[in-house]
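> Make a model of the complete structure from these sequences and hints.
Each chain, written out:
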Amino acid sequence: MAITVTLPAVLARLADGNKEVSADGATVGEVVDAISTRYPSLSTRIRDEAGQPYPFVVYYLNDEDIRLGSGFDSSVSDGDDLTLVPAIAGG
Amino acid sequence: MTLTATRDQNSSASLPALDADETLRYSRHLLLDEVGIDGQRRIKNARVLLIGAGGLGSPAALYLAAAGVGTLGLVDFDVVDASNLQRQLLHDTADVGRSKIESARDRIKAVNPHVHLEAFDTRFERGNALEILRDFDIVLDGTDNFATRYLTNDAAVLLGKPNSFGCIFRFEGQASVFGAPDGPCYRCLFREPPPAGLVPNCSEAGVLGVLPGLVGTIQAIEALKLILGIGEPLIGRLLLIETLGMNFRTIAVRKDPTCPSCGEPSRGGGTIRDLDDRAGAYSESSCGVPTASTTGSEPVVRNVTAVELAERIGRGEDFDLVDVREPAEWEIARIEGARLVPLATVRQASENWDRNREVVIYCKSGVRSLNAAQQLLDAGFTRVTNVLGGIKSWTADVDPSLRRY
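As they're listed, the protein sequences go chains A and B.
All the letters of the first sequence, read from the start, carry residue numbers 1360 to 1450 under my numbering.
All the letters of the second sequence, read from the start, carry residue numbers 150 to 554 under my numbering.
A hint or two may mislead.
[What the hints assert, rightly or not] The list that follows gives simulated cross-link-like pairs (lysine to aspartate or glutamate, EDC-like), each with its CA atoms no further than 20 Å apart: (1) B:258 - B:280; (2) B:541 - B:480; (3) A:1378 - A:1432; (4) A:1378 - B:270; (5) B:258 - B:171; (6) B:404 - A:1439; (7) B:404 - A:1422; (8) B:541 - B:460; (9) B:404 - A:1424; (10) B:541 - B:457; (11) B:258 - B:270.
Just so you know, the hints here were simulated from the structure itself, not pulled from any lab data.
In structure tokens, the structure reads:
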């Protein structure tokens, strides 16, 4: 199932500059796997070594925080939007 | 929510009066039904603490001063650097080298002499955070590092002060209001800061100069809305700002009952009860002054100062010197003998390198180089060295002829 993954600038730079990438998977975790494989530099920035979400990157599936659902096990459907929101510190 | 309600000065009679000068100065506010004379008196009665007189703090301070906020607190320990002037409008070219607090004091006084400025020429840290914030109604987070952001959040939650939050990176920003009664806090959204080296900061990644003008101004609007009790503050919402496509989007942020800062003890939350709590993780290392870890016999990233690196180069020692900055930075200044491998390309480029040869890595200030060093260790390199303070330290301590940026 094709999901649109929206990346902010800080992460898009690690995905060949793409702010939107399309990826397949049945769950959020599978989609994250897919983009991690495609963009190795991105992988360490969006999930930890155990493959779990970091506490400083939040995933929104169609505007809903996946922590309120099943986290990386949340199932996704064709056309869903997955937005990554990382903590940034600049001021 | 009306902020002044928290200070027993909510009744119109106890609010400070406006004199004739002020009535004229604030006339465009007085014409707004949502502000009016009572609202302007509320603004005059308000006390707002700004953490940081930099990119975000500049527009916030200027607009809140112009709007007539009676008392502005300003915390900053830094001095004005020429590289600040591209975005930090509190400071002028002639202020380079002055303390930011002194420079800000002059500018704010020029904007509005009715504003009382309480200046704190110090770092906002756990030893003074509660004492400084205690007497203010609202805090406005204009800091530039994770350690102070988490400290500001936790101090605001402990004291029950709303936090008008904003942050920026390159062409993007985020804004919200944290720590309002029943609203989420920063830790509900991002429970912990990233480890050192994982995320570049603005001084390393750059920022469009106008961007903090936009985000800091939004923070000032939110602060005024809280003071006046009007509109819908960004409580429970995170505003995502992306200026290249010029897209604004808000996403919901829920209060987390298990949040270590503002959560409920009965649900395992609220464990940060004071700023000495180790759970707070306010160490400066979280914003990029890393130290090498020592875990067993595994290879670790070794550190070298710029001066030590110069000595090693002088002795003709054998190692690869790798610059992980971007090409634009390389064009401005570089260390002779280095080669450019931008951070995003390190993993791939290093596949062909000799894993047993020492690799010495530098960037601008030592954050990206630590990230690259960790990637090399993960890839099986055994001798990886990080230049502390990067080319900034090199320029300061070894070769002042290089251009600074």
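> All hints are to be evaluated individually against the structure, with a verdict given for each.
So, going through the hints one by one against the coordinates:
no.: 1; hint: B:258 - B:280; in the structure: violated (25 Å)
no.: 2; hint: B:541 - B:480; in the structure: holds (15 Å)
no.: 3; hint: A:1378 - A:1432; in the structure: violated (24 Å)
no.: 4; hint: A:1378 - B:270; in the structure: violated (40 Å)
no.: 5; hint: B:258 - B:171; in the structure: holds (15 Å)
no.: 6; hint: B:404 - A:1439; in the structure: violated (25 Å)
no.: 7; hint: B:404 - A:1422; in the structure: holds (16 Å)
no.: 8; hint: B:541 - B:460; in the structure: holds (17 Å)
no.: 9; hint: B:404 - A:1424; in the structure: holds (12 Å)
no.: 10; hint: B:541 - B:457; in the structure: holds (14 Å)
no.: 11; hint: B:258 - B:270; in the structure: holds (17 Å)
Against the hints set out earlier in the document, violations occur for numbers 1, 3, 4 and 6.
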